[in-house]
Amino acid sequence: MACIEARGLRKTYGSTVALDRVDLEVEDGRILGLIGPNGAGKTTALNAFVGLTSYEGQLHVLGRNPWSERDRLMRDVCFIADVAVLPRWIRVSQLLDYVAGVHPRFDRSKATAALAKTGIALNQRVRQLSKGMVTQLHLAIVMAIDARLLILDEPTLGLDLLSRKAFYDSLLTDYLERSRTVVVATHQVEEVQHILTDLMFIDRGRIVFNRRMDDVEALYREVLVHPDAIGTARSLNPIYERQAVGRSVLLFEGVDPQQLAALGDVRTPSVADLFVAIMSRRGAQPQGAVQ
Amino acid sequence: MNTSSQAMAGSHVGSDAVTPGDISLVRRLYWSVTRELWENRSIYLAPLAAAGVFLVGFLFGLGGLPARVRAAMALAPLQQHHTIEQPFFFVGLVLMLTEVLVAVFYCVDALYGERRDRSILFWKSVPVSDALSVLAKASIPILVLPLIAFVLTTVAQFVMLVVSSAVLAGSGLDSAMVWTHVPLVQTSFINLTHLVLVHGLWYAPLYGWLLLVSAWAKRVPFLWAVLPPAAIGVVEKLAFNTSYVGTMLGDRLGGLSGDAPSGDGMNMVMLATPLTQFLTAPGLWIGLALTAVFLYGAVRLRRVRGVI
Numbered sequence: 001m002a003c004i005e006a007r008g009l010r011k012t013y014g015s016t017v018a019l020d021r022v023d024l025e026v027e028d029g030r031i032l033g034l035i036g037p038n039g040a041g042k043t044t045a046l047n048a049f050v051g052l053t054s055y056e057g058q059l060h061v062l063g064r065n066p067w068s069e070r071d072r073l074m075r076d077v078c079f080i081a082d083v084a085v086l087p088r089w090i091r092v093s094q095l096l097d098y099v100a101g102v103h104p105r106f107d108r109s110k111a112t113a114a115l116a117k118t119g120i121a122l123n124q125r126v127r128q129l130s131k132g133m134v135t136q137l138h139l140a141i142v143m144a145i146d147a148r149l150l151i152l153d154e155p156t157l158g159l160d161l162l163s164r165k166a167f168y169d170s171l172l173t174d175y176l177e178r179s180r181t182v183v184v185a186t187h188q189v190e191e192v193q194h195i196l197t198d199l200m201f202i203d204r205g206r207i208v209f210n211r212r213m214d215d216v217e218a219l220y221r222e223v224l225v226h227p228d229a230i231g232t233a234r235s236l237n238p239i240y241e242r243q244a245v246g247r248s249v250l251l252f253e254g255v256d257p258q259q260l261a262a263l264g265d266v267r268t269p270s271v272a273d274l275f276v277a278i279m280s281r282r283g284a285q286p287q288g289a290v291q
Numbered sequence: 001m002n003t004s005s006q007a008m009a010g011s012h013v014g015s016d017a018v019t020p021g022d023i024s025l026v027r028r029l030y031w032s033v034t035r036e037l038w039e040n041r042s043i044y045l046a047p048l049a050a051a052g053v054f055l056v057g058f059l060f061g062l063g064g065l066p067a068r069v070r071a072a073m074a075l076a077p078l079q080q081h082h083t084i085e086q087p088f089f090f091v092g093l094v095l096m097l098t099e100v101l102v103a104v105f106y107c108v109d110a111l112y113g114e115r116r117d118r119s120i121l122f123w124k125s126v127p128v129s130d131a132l133s134v135l136a137k138a139s140i141p142i143l144v145l146p147l148i149a150f151v152l153t154t155v156a157q158f159v160m161l162v163v164s165s166a167v168l169a170g171s172g173l174d175s176a177m178v179w180t181h182v183p184l185v186q187t188s189f190i191n192l193t194h195l196v197l198v199h200g201l202w203y204a205p206l207y208g209w210l211l212l213v214s215a216w217a218k219r220v221p222f223l224w225a226v227l228p229p230a231a232i233g234v235v236e237k238l239a240f241n242t243s244y245v246g247t248m249l250g251d252r253l254g255g256l257s258g259d260a261p262s263g264d265g266m267n268m269v270m271l272a273t274p275l276t277q278f279l280t281a282p283g284l285w286i287g288l289a290l291t292a293v294f295l296y297g298a299v300r301l302r303r304v305r306g307v308i
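Protein chains in written order, with the numbering used here: chain A, 1 to 291; chain B, 1 to 308.
Just chain B, same shape as in the assembly (with noise of 0.2 Å):
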């Protein structure tokens, strides 16, 4: 008799408090993540043959490496640092234009395609809240993709680093000589800070938009994101003659204008984001409120708006 009214007691607790298999925010948090991986696999899919394809490129290409090496090394110790640093700069910018296109065709359809296929209905049917669910989807450009390139560009790296360095070595060549001009461990870091601050967080404001657009349109939602922007800015154009609105979308789209330094070309500098000037930056802060205002309105929508 003490044990059935033990576990009555344990019942009406169970029942009246937290529930005792209550499953916490961090654990739905990620599984939220992992069904958007299942959903929409080109996050990783589209990264990974990007990587697959630079390297592919690159292995065919080594067999004119020790003679492109000797070229250099007759140039000024500047020059040189170029030549041989070149490739591994391109590998990190075609893992960043991938990723920067995935997540905008991502965002796009993250709130739409769910209404449209109806699935939303079966979404809503589990105890995920809209707020969890739009933040689960806005974590995919802003966190997920950006890190997804970083491995992949530095794995990438090192691979170009040891087949060079083994080339270079197989053909009476210093072979420390790449790993001395493209350090992996400071360069992996530079492209860390700039995926995560830039592509991230400078990036987060347009995501945001994409998904609140994503969340509205009942159709197009990519003429729906694209068109409004581009016309406002022709009307001021036409009408003021001024293009201020141009001017921000574009210094938002090539991220913190004015500190790359311009006359060396392209290289690896070049992406490094200074932290403070980055985070003292008002353009950053304005961007993330208005990043919190775009996503508050996509979770405003995705409660309202029904299947299409």
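Chain A extracted, bound-state conformation (with noise of 0.2 Å):
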């Protein structure tokens, strides 16, 4: 049974379609990285899956309905949401005494290991923390539970690059400790891309990208081409075309490696390149096709 299973998720807000009939699937133990432009539908689709939000379709969250059974779902699924949820006035170590005394699967002894490492003390409030302190603390306590299930909404957003580095250093760890499942959207593509092993663009309440890293990286190749090979590459039909340090760097789907190697340097485009040119794509198909 998939983690996640939506069937034409649909959600409305007002006039503006948020979410229009998403189909998708998360199996278990996957890293999916959700990446799309603002206003792409990223935070719908996660708080649909952690019930805070209704909608219209199917969806089942670890075999559940996240509407009408968010409490229950909750023991098995950790929320990040992205902006700072923390309740200002909560001190740290009443913040660990509530979870443990709510939550089934909370370690307290992990989290307050957790907590040792970092610059944070038990009788410190939230409001007396820096952004990036809260949101090693959140993390503290959502590694600390068991969950199946772990959705993160731009967990980084607002951090220096130190906290993000750590933040998902830590994530890897506690991954590779014991496997379960991760959705994380985010802008930050370069700082997941190492560690997703699934990958699925949104864009205007539509996937219109959903692969394994494996097939990203099987399929997908960019192409610094030789000048005097332009026009070759050009007609092997390439899906974008960008100018780096005065050359042509080109992007192919699904085109043979030795013939491309022949054009020029051939290597993996990194998910940020292969975002824009996705996208782009996309903004420009009532004109035709981008050569």
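Check each hint, because a few of them may be wrong.
Stated by the list, open to error - Here are the simulated distance ranges between beta carbons:
1) B:P282 to A:M1: 23 to 33 Å
2) A:R88 to B:V26: 21 to 31 Å
3) A:R7 to B:R219: 30 to 40 Å
4) B:S42 to A:T112: 25 to 35 Å
5) B:A230 to A:R91: 36 to 46 Å
6) B:V162 to A:R125: 18 to 28 Å
7) A:T232 to B:V307: 47 to 57 Å
8) A:T112 to B:V26: 23 to 33 Å
9) B:P228 to A:R212: 50 to 60 Å
10) B:R219 to A:N210: 37 to 47 Å
Since the hints were made in silico from the structure, they are not lab data.
In this text, a Cβ means the ideal position worked out from N, Cα and C, and glycines have one as well.
Put the complex together from the two separate chains, hints included.
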């Protein structure tokens, strides 16, 4: 059984369509990156997964209906929203007491151990902590919960580089320790791409790209084309072309690597470049495909 | 090999049936109420401060106590009783007033504040249902605050009795006198029943209404809670020249009207609530039914309403 299963998932706010009949499936044990521009529907989708928003269509998370069974579901799902949501008045020790009091899968000693590695003191209030520390605190709590699914919505938004790095490092360490499913929505693609197993692009409420990272690496090639081979290269139907340090960089989908090697330097595109390529192709579709 | 197969069977049962570390409803409710007390320290600090201020004032006035008692002894027994009883009655009154004010302000913010500061996203990320959260919040004005007021009143009255009898003994008067005029056990019992029945159960629909508005309003919940009923009252007065709505609200706020003995002024007996009369009053049950409706609405709204 898939961890998350959506059929015709739809959500509208007035005349705005946030999710437009989305079908998706996330298998157990995957780390899925949900990438999309602002307003693409990422937060709406994640909120639907954790029962924070109503929706049309069918949605099952760990076999449950999130909207009607949120409290039951939350025993097995952890969620970090895209805004700082820890109550500012609460003390760190109170937060640990509370979560230990209501959450059957919370391991307090694990959270305390994780906090000991940070500069966070148990008697501090959340409002006294820096933004990075609040995220570390939230992560320490979430990691101490033995959940089957972790949903992260822009978890590192507004953090400095060191905190972002520390965040994803501990996320990966935790993931390797015990296999659980992770869904992370973010703009900071380059920071997550090396930990993802699955990649999904979402735009204007639709899933426009959905592949395993293995397939991405096998299927997509970026070629730094020799100036004299540019004509041949363009005839192979690149899905995107950009200029970098005076040379053309062409992105190909499913073209034989041997064939590409003759055109110039071949490499695997970064998720960011792939994202730009897919998005601009979509954006230009009404006028015809980009050469 | 035996152990491993047993372990597997065990884990299977564990994940399939009720989780081994399942947390009882009572425990989740306890922590939900506790966290309300952490967030809203005024729930106990305000009554504590009110009792403290009253006690300080009472201690400063103690110098005049022997003189007042001597003067009172010349009066008729009933007036004598009232004179001695008065401060003990007043401390109860002050704490009740404080308790109601705290309850009103608490309710107005309870389901509004968590949406405004986005902490609702955290509270909803733990396995606590909306119904349990709203129930925990409703228990603060309906149960917790009346009990806090009761405990503090009793403690304050006890301190006042001890100090008064010491002062009276020091000036050669009968120190047992205050204890007979203010029988602590009976006084506490009257106080407790009044707080639990009137401030808890009778006022419950008012708190339910405030919680409902708190869960619904996108801005200024206090105005939304107060203005519509007031507007309905005004419209009724203008359109039909009647004041049923006003009378109804007044009766609710005034406790069970009609049972207070008049003519004696304000005193302890006034607070005594005849239990059978109270429990058979249709108003009580209509009010409780209304409370249930309001709270149900608040639960539904908490589920639907997102952050502001």
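Quick rundown of the hints versus the structure:
1. Hint check: P282 (chain B) to M1 (chain A), Cβ distance near 54 Å, so the stated range 23 to 33 Å is violated.
2. R88 (chain A) and V26 (chain B) have their C-beta atoms about 29 Å apart, which keeps the hinted 21 to 31 Å range intact.
3. Distance hint check: the CB atoms of R7 (chain A) and R219 (chain B) are about 38 Å apart, consistent with the given range 30 to 40 Å.
4. For S42 (chain B) and T112 (chain A), the Cβ-Cβ distance of about 30 Å falls inside the hinted range of 25 to 35 Å, so the restraint holds.
5. Range check, A230 (chain B) to R91 (chain A): Cβ separation about 40 Å, and the 36 to 46 Å hint holds.
6. Taking 18 to 28 Å as the suggested C-beta distance range, the pair V162 (chain B) and R125 (chain A) does not conform, at roughly 39 Å.
7. Remark: the range hint 47 to 57 Å for T232 (chain A) to V307 (chain B) is upheld by a beta-carbon distance near 54 Å.
8. For the pair T112 (chain A) and V26 (chain B), the supplied restraint of 23 to 33 Å holds, since their beta-carbon distance comes to about 26 Å.
9. Checked against the hint of 50 to 60 Å, the pair P228 (chain B) and R212 (chain A) passes, with Cβ atoms roughly 56 Å apart.
10. Checked against the hint of 37 to 47 Å, the pair R219 (chain B) and N210 (chain A) passes, with Cβ atoms roughly 41 Å apart.
Consistency with the previously given hints fails for numbers 1, 6, ordered from lowest to highest.
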